[in-house]
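Student: Each chain, written out:
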Amino acid sequence: MLDSRIVRVKVTGDFACFTRPDLKVERMTYPCMTPSAARGILDSILWKPEFQWYIRQILILKPIRFCTIKRNEINSKQGRNPIVIEEKRAQRNSVVLRDVAYIIEASIFQKHKSEKNRPEKYIGMNAGKEGIFPRRVKKGQCWRRPYLGVREFSAEFMEPNGAEEPIEETIPIGSMLFDIFYDENGKPKPLFFYDVAVRNGVLNCEVPENDKMMQSSHCRPPIDSETSAVIYDFNLQEEEEVGL
Amino acid sequence: MIKELSELGKTLRADRTDNEWAHDALKEEPISLEIVISEDGAFQKFELFEKKLTIAESIAAKKGKARLLLDKAEEVLLYGGEKSRKKHKLFLENIAKYQDLSELLPVLAFYRQNKTNGVEKALNEFETAIPDEKNRRGNIGFRIQNEGIRIHEKPAILRKVIEHYEAAHKELLSESQKNCSVCGNRDYPVVDIPHGMIKKVPNGQSSGCALVSYNENAFESYELRGNKNSAICTNCAKTYVEGLNWLLSSGNEIIEKSKKGKEKKIFRYNHRKNFGSDTAMVFWTRENTDIEEIDYLEAPNPDDVARLMESVTSGTERDNRYLQADQFYSCTLSGSAARIAVRDWLETSLFDFKKSIAKWFQDIAITEYDKDIKKHKTHYARLYDLARSCQRKNSDGSYDKDDASLARVAVHLWNAALKKTPPPLWILTKVLQRARLDKHGITADRAALIKLILNRHKKGGDFVITEKIKQDDRPIAYVCGQIFAKLESIQYAALGDRNAGIRERYFAYAMTSPASAMGRLFNLNSKHFTKLKNEKPGLAITMDRELQSLCRDIDINKFPATFSLEEQGQFAIGYYHQRQKQFSSQTQNKTEEE
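Protein chains in written order, with numbering that gives the first Met the number 0: chain A, 0 to 243; chain B, 0 to 593.
Please keep in mind that the hints were generated in silico from the structure rather than gathered at the bench. It is possible that part of the hints are untrue.
With a cut-off of at most 25 Å between alpha-carbon atoms, the simulated SDA-like pairs for lysine to any residue come out as follows [unchecked claim]:
#1 A:Lys-186 with B:Pro-422
#2 A:Lys-69 with B:Pro-422
#3 B:Lys-177 with A:Tyr-193
#4 A:Lys-69 with B:Gln-326
#5 B:Lys-9 with A:Asp-194
#6 A:Lys-69 with B:Ala-406
#7 A:Lys-186 with A:Gln-77
#8 A:Lys-61 with B:Asp-191
Cβ-Cβ distance ranges computed for the label pairs, FRET-style [unchecked claim]:
#9 B:Asn-273 with A:Asp-98: 28 to 34 Å
#10 A:Arg-150 with B:Asn-393: 42 to 48 Å
#11 A:His-111 with B:Lys-64: 49 to 55 Å
#12 B:Ile-253 with A:Ser-153: 36 to 42 Å
#13 B:Lys-392 with A:Arg-144: 46 to 52 Å
#14 B:Lys-64 with A:Val-229: 22 to 28 Å
#15 B:Glu-49 with A:Glu-167: 55 to 61 Å
#16 A:Glu-167 with B:Gly-495: 58 to 64 Å
#17 B:Glu-252 with A:Arg-144: 53 to 59 Å
#18 B:Gln-547 with A:Arg-97: 47 to 53 Å
All C-beta atoms in this analysis are idealised placements derived from N, C-alpha and C, irrespective of residue type, glycine included.
Let's have the full structure, built from the sequences with the hints guiding it.
Tutor: Dropping the structure here:
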């Protein structure tokens, strides 16, 4: 059940890169934050299995400015074995956003609602009886540092002061990654929403794909990092033997 | 960006109504060699000709595959010995898929029944018939003797290729249906195959670069393999590749005369601008219409610019709604080995694009004295010239190719022209540096560039740099520039042309530290003035009056100790404006003397 109350959190950063799935190798960012990134930021501040974040809209507060950077990166995933950098180094170009600020407006969605899991527990806004999320936002608490698309671009989050105004621009985007949907077996599947446009500085996320995301299981097969690393190294050895 | 390129590719396909073979399964491939065989498969001869394009089976990636009836010598003739056996086998297996076609009977006989007089004979004669190694590397096709069409171009074979392609894709669709991330449809499968190579990417490999490339596991995520990460269907992948290839290569050859009078063939691109040797910009509209305003940036004509400004400023609301129906797209690309690095992407309405171009010309308009007609005129610099004004020169006057600032500045200027954004301030640093060090100092192009940067970076209430000299309400840096130009002219009048005048010695000093520099300059001026007063008393009085009128607007006892970067730009503009004014004054003086 979707709660009607809306929480607002302001996030800012020096750089951001919300990578397009099709231009991931030489990264290129979307012009604004994606709903998946917004949900990730909120999950970094507060995540519990009892509810999911329903992103309603994203307000863009600063003009969109692109810049280009080129970095030395690695052509391999990290496994158990050390990476010899001379063999796996590659220069990759990235088109990133510079000096960004957003306001994320979201609500919580609960599949099962009970007295112990009332929405007020998480997003209550009454003075003296604030929920977990507003208290964390005010204090700057988070269980993991929020980031703007990629981990190296950390995000600062705070409570909006009420004076922020979105930019008065309309930016057509086309198709955009909405979020990653996990079916009942835990298999991920990217969801896209189409004919997307930032209208007067606001990205509206209340689309049918958002309702579908509320059915996401968020369950993945129980593979720990040790097992995953072993499987990865095994696959690498198999590929090398096939190559020989 | 992928969606817009895909739509362009689809538009191009729709425009090709005369070509019934516009299909994902087929593609135009170069061919330069033919094997002429008889009906029974006997080899007759090789026929070598100029490279041309032919319609053939489309293969996304060549590795591990062979094209039907059109391929390299290694595949077709087993050229190269045992190393090519695997490739040759792939080629034969591909032909075997179509062996039920009657048109392929001569080719099958060439490899099977009549092998001795067919492929073996052709292989023995290949090196002698084609002595040049370069010519052996082209694609080889088959043709029946006394027939005008190649075997792989026959309609029955092309239709069969399409049938095979569609059958394979139906099978893929039956296995899994996914929404395409570009078009949102499920009509075509999303599979892990390369999308296609983009040719003529600057600083990229000659065989082509990939825009979407997942050749390493580091680029994959969410357990998706290869190009499934992009979630682009096969049709959108084909069309965006076709669209981008067309943008990068469409154009025509024109003949230009060089300075020495020789005629030279130059390929002029219609939808592409090169920035140096490693960056290129492509542009197009949704309706694929011609954009002549882009050419204004490279060759501005005052009449065209005036017409553009008039059309933008007087556009009615109805016209705006009509123009907004079309969109303008621009993308800046660079090659990075086998991949394409997208440096920038712009999407705007066509009307906003025209407004941006008009605004650009307003900001770069600068008055320049024309010595031929002896009048001041408005100068619109070419965008390339603006970028080149930041490039270092060698001692012989040629531009230093090692200085990469030309390409870097050009990219930012294109962005500024198309988006109405301010160029970065480091360009102002660069142009002022060159103005201090180059022989000609503040040229019209440099003044235009400085004016552009200052006006687009100005804050509320800041001084607006105008096209020509301004008489009142000027900042002190601007006036200092004017004073410096006047002092220079006084020295020139007193001493004549010097190898190292006050501009060469004191321009940078005055631009950065005016308080200390102006003290020295005025001290020198008193000496120059004394000399001038003895030799040309009338001119001395005139120049003294003009200098006093400039100094009246400021307190010469309170020169600032330093100028900021923006103030240095104002200084340069003031210097330029004053010099242009003095050109006109000199002409008037000569006329009065006559």
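Student: All hints, please: hold or fail.
Tutor: Now for the hints, and whether the structure bears them out:
no. : hint                                 : verdict
1   : A:Lys-186 with B:Pro-422             : 46 Å, violated
2   : A:Lys-69 with B:Pro-422              : 20 Å, holds
3   : B:Lys-177 with A:Tyr-193             : 14 Å, holds
4   : A:Lys-69 with B:Gln-326              : 30 Å, violated
5   : B:Lys-9 with A:Asp-194               : 18 Å, holds
6   : A:Lys-69 with B:Ala-406              : 16 Å, holds
7   : A:Lys-186 with A:Gln-77              : 22 Å, holds
8   : A:Lys-61 with B:Asp-191              : 38 Å, violated
9   : B:Asn-273 with A:Asp-98: 28 to 34 Å  : 30 Å, holds
10  : A:Arg-150 with B:Asn-393: 42 to 48 Å : 46 Å, holds
11  : A:His-111 with B:Lys-64: 49 to 55 Å  : 53 Å, holds
12  : B:Ile-253 with A:Ser-153: 36 to 42 Å : 53 Å, violated
13  : B:Lys-392 with A:Arg-144: 46 to 52 Å : 49 Å, holds
14  : B:Lys-64 with A:Val-229: 22 to 28 Å  : 34 Å, violated
15  : B:Glu-49 with A:Glu-167: 55 to 61 Å  : 57 Å, holds
16  : A:Glu-167 with B:Gly-495: 58 to 64 Å : 59 Å, holds
17  : B:Glu-252 with A:Arg-144: 53 to 59 Å : 57 Å, holds
18  : B:Gln-547 with A:Arg-97: 47 to 53 Å  : 49 Å, holds
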